[in-house]
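Undergrad: This is what each chain is made of:
Number of protein chains: 4
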Amino acid sequence: MYNRINILGSDRMGKMSYISNFEDWQESFSFNITIKVRFNETDMFGHMNNTVPFTYFEEARIEYLKHLGFMQEWVSLDSEVIPVVADLQCDFLQQVYFDDKIDVFVKVNSIGNSSIDVHYMGVNEKGMVCFTGRNSLVNLNRATGRSEKWKTEWKDKLENELNIVQKV
Amino acid sequence: MYNRINILGSDRMGKMSYISNFEDWQESFSFNITIKVRFNETDMFGHMNNTVPFTYFEEARIEYLKHLGFMQEWVSLDSEVIPVVADLQCDFLQQVYFDDKIDVFVKVNSIGNSSIDVHYMGVNEKGMVCFTGRNSLVNLNRATGRSEKWKTEWKDKLENELNIVQKV
Amino acid sequence: MYNRINILGSDRMGKMSYISNFEDWQESFSFNITIKVRFNETDMFGHMNNTVPFTYFEEARIEYLKHLGFMQEWVSLDSEVIPVVADLQCDFLQQVYFDDKIDVFVKVNSIGNSSIDVHYMGVNEKGMVCFTGRNSLVNLNRATGRSEKWKTEWKDKLENELNIVQKV
Amino acid sequence: MYNRINILGSDRMGKMSYISNFEDWQESFSFNITIKVRFNETDMFGHMNNTVPFTYFEEARIEYLKHLGFMQEWVSLDSEVIPVVADLQCDFLQQVYFDDKIDVFVKVNSIGNSSIDVHYMGVNEKGMVCFTGRNSLVNLNRATGRSEKWKTEWKDKLENELNIVQKV
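Chains as they are written, first to last, in numbering that gives the first Met the number 0: chain B, 0 to 167; chain E, 0 to 167; chain F, 0 to 167; chain A, 0 to 167.
Hint data in this document are derived by calculation from the structure and do not stem from the laboratory.
Check before you lean on any hint, since a few could be wrong.
If chains are identical, the list can't say which one is meant, so a pair holds when it fits in one copy or spans any two.
The calculated BS3-like cross-link candidates involving lysine-lysine, where the alpha carbons are at most 27 Å apart (straight line), are [claimed, not checked]:
hint, residue 1, residue 2
1, K154, K14
2, K35, K125
3, K65, K148
4, K148, K125
5, K14, K148
6, K154, K35
7, K125, K14
8, K65, K35
9, K35, K150
10, K150, K14
11, K148, K35
12, K100, K148
13, K65, K150
14, K14, K100
15, K65, K154
16, K100, K35
17, K150, K100
18, K65, K156
19, K65, K100
20, K154, K125
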């Protein structure tokens, strides 16, 4: 289905309950990957299928977690804890087309005892925000299957990220 | 990433802001498709990748819209209006594995002047709810690029669906 | 890109080196699954993207291997041997569109000491062959990383399949 | 399914009927894109699913056609001719894993009156050839649905590419 039409963008800003002030929010990101929309990611309505941004979110999140040094431990075979995606959310603001280059920004938005709230923003080459999103990522103990408190070292790193975000 | 572990389910119930009473909500669906999780929909963590349910939502929504008789007009070449996915949301409650057969339920949850809120529920063969979701679908005028009020005939059909849901 | 246009079909028959007589070949299948082309499997040229049939081949092959009783051993954790896809091939004969229901047929075409040649045929609701394909599947020893001869029991099963095919 | 195991590579070299001399062939490419294997492109056997390289081939082919200046005309709305993928083929030589960076090389291998044979080679960061492939791309007349001879200008460009390849 049509993802949306340009005018929809302005109509919808403010409807994303996870964003209190769009301009502040937009400026609070400092990490991104760049992706190019693939031909097989379009659909018969002529643009990026609406299931695709979640793939971009996953790649952005993984690169960000690598950058923070978390991913390495999480994917090691003897790791006691693993990252669990508890939910996923995306708001579509602008059409995205084949061959568009999209900067997919990612940041930690808030930190719980055993989880983080991760935010995403996709920006096209004209500087327009095409889609926004968020998800909750839980630190899970493999043996117990229950969420596990962040190690002090990790919590410090995460809070440092939050400070960076707030200072920007 | 790991989507979640069983115990997570009960932890998360009640966190889905679009569901007020989970049991009532669960019983309010009357339309579903059944899908089988494909091998290439798994990832290296051994289960369904978390981007996949949005594909299932799309198929369920399309079949439901066909059932309501909307899809036919929406996809006809001379249609003045088209359906636009304005946002997408999914909560993961239980692990989903290769070859699982999932009933993906879909319903209209509320009706606006020019949009509907669509809800989804994925249930495995053991009767466990594996994921829930929702999205807003907007009736868009192709020429103006703006949302367009539902035709009386369609609004009646949608409200009829809502009645079915509430009576169940 | 456009996968092909109807007329192409007849032009190409006979170009598939793995099929000696198309009519005989077509009648030699006795196992199939049925898939429905998903919306997100289309691309901006309006039909099924050409990467998609390989997903259908995989599902058809797995169901067929289950039917033969191979899959169960191959996916058991203590299995010494695993199936390896050594190559994949697809010829496109007819356009395939969203919502098309395709019967994807699969058969063993020939048996080597440690591998089988698997053939595929996709047929739409009008009875037209839309795509054909094949791949080599190797029985691999996990420990040595080398191909391993079929067990007598499995070779017998496979040869029985070949007989069924030849008798049809 | 397991795509293959390292040792398979050397076993299979020479089985690819579209490659006469592997070393000459390997050196005949001069254009490539680089892709990173995405998390959702892996499957439960722990590596890149075998349907994925066809997506990479498509992206490499499109970038190459852009580079040759063909794509622009082919995708313009008033173009009389369009590119049609008539078949697709891939041979798997080495395992490919999440996060691998793969150089996907592409070249014109031969030129027919109305089609070209396109070859592909995927090379990992260690310089190992992980997969090879080919497909036939047909120049189709939109109105007649029949293949159409290359324009002199395009044929010259294609033959120039062939010369580059042969000189390398």
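Undergrad: Now look at each hint and say whether the structure bears it out.
TA: Going down the list of hints, with the structure as the test:
1. Taking CA atoms no more than 27 Å apart as the test, K154 paired with K14 passes between copies only; the shortest distance there is 23 Å, against 31 Å inside one copy.
2. Taking CA atoms no more than 27 Å apart as the test, K35 paired with K125 passes in both settings, with 14 Å inside one copy and 25 Å between copies.
3. For a Cα distance limit of 27 Å, the shortest separation of K65 from K148 inside one copy, 20 Å, qualifies, whereas the shortest one across copies, 43 Å, does not.
4. For the homomeric pair K148 and K125, neither the shortest alpha-carbon distance inside one copy (41 Å) nor that between copies (31 Å) is at most 27 Å.
5. Taking the closest pair of Cα atoms, K14 and K148 come within 27 Å of each other only across two copies (19 Å); inside a single copy the shortest separation is 32 Å, beyond that limit.
6. In this homomeric assembly, K154 and K35 never come within 27 Å of each other (Cα to Cα): the closest approach is 33 Å inside a single copy and 30 Å across copies.
7. Taking identical chains as interchangeable, the C-alpha atoms of K125 and K14 lie at most 27 Å apart only when both belong to the same chain, with a minimum of 23 Å there against 37 Å between chains.
8. In this homomeric assembly, K65 and K35 come within 27 Å of each other (Cα to Cα) both inside a single copy, at 21 Å, and across copies, at 15 Å.
9. Taking CA atoms no more than 27 Å apart as the test, K35 paired with K150 passes in neither setting, with 36 Å inside one copy and 31 Å between copies.
10. Taking the closest pair of Cα atoms, K150 and K14 come within 27 Å of each other only across two copies (25 Å); inside a single copy the shortest separation is 35 Å, beyond that limit.
11. In the homo-oligomer, the alpha carbons of K148 and K35 never lie at most 27 Å apart, since the shortest distance is 37 Å inside one protomer and 32 Å across protomers.
12. In the homo-oligomer, the alpha carbons of K100 and K148 never lie at most 27 Å apart, since the shortest distance is 38 Å inside one protomer and 34 Å across protomers.
13. For the homomeric pair K65 and K150, the shortest alpha-carbon distance inside one copy (17 Å) is at most 27 Å, but the shortest distance between copies (45 Å) is not.
14. Taking identical chains as interchangeable, the C-alpha atoms of K14 and K100 lie at most 27 Å apart only when both belong to the same chain, with a minimum of 26 Å there against 35 Å between chains.
15. Proximity of K65 and K154 under a CA criterion of 27 Å is satisfied intra-copy only: 16 Å inside one chain copy versus 47 Å between copies.
16. Proximity of K100 and K35 under a CA criterion of 27 Å is satisfied in both settings, with 4 Å inside one chain copy and 16 Å between copies.
17. Proximity of K150 to K100 under the C-alpha cut-off of 27 Å is found in neither arrangement, the shortest distances being 37 Å within a copy and 32 Å between copies.
18. For a Cα distance limit of 27 Å, the shortest separation of K65 from K156 inside one copy, 13 Å, qualifies, whereas the shortest one across copies, 44 Å, does not.
19. With identical chains, the CA atoms of K65 and K100 are at most 27 Å apart both within one copy (22 Å) and between copies (16 Å).
20. Taking identical chains as interchangeable, the C-alpha atoms of K154 and K125 are never at most 27 Å apart, the minima being 36 Å within one chain and 36 Å between chains.
In terms of the numbered hints stated before, the structure departs from hints 4, 6, 9, 11, 12, 17 and 20, listed from lowest to highest.
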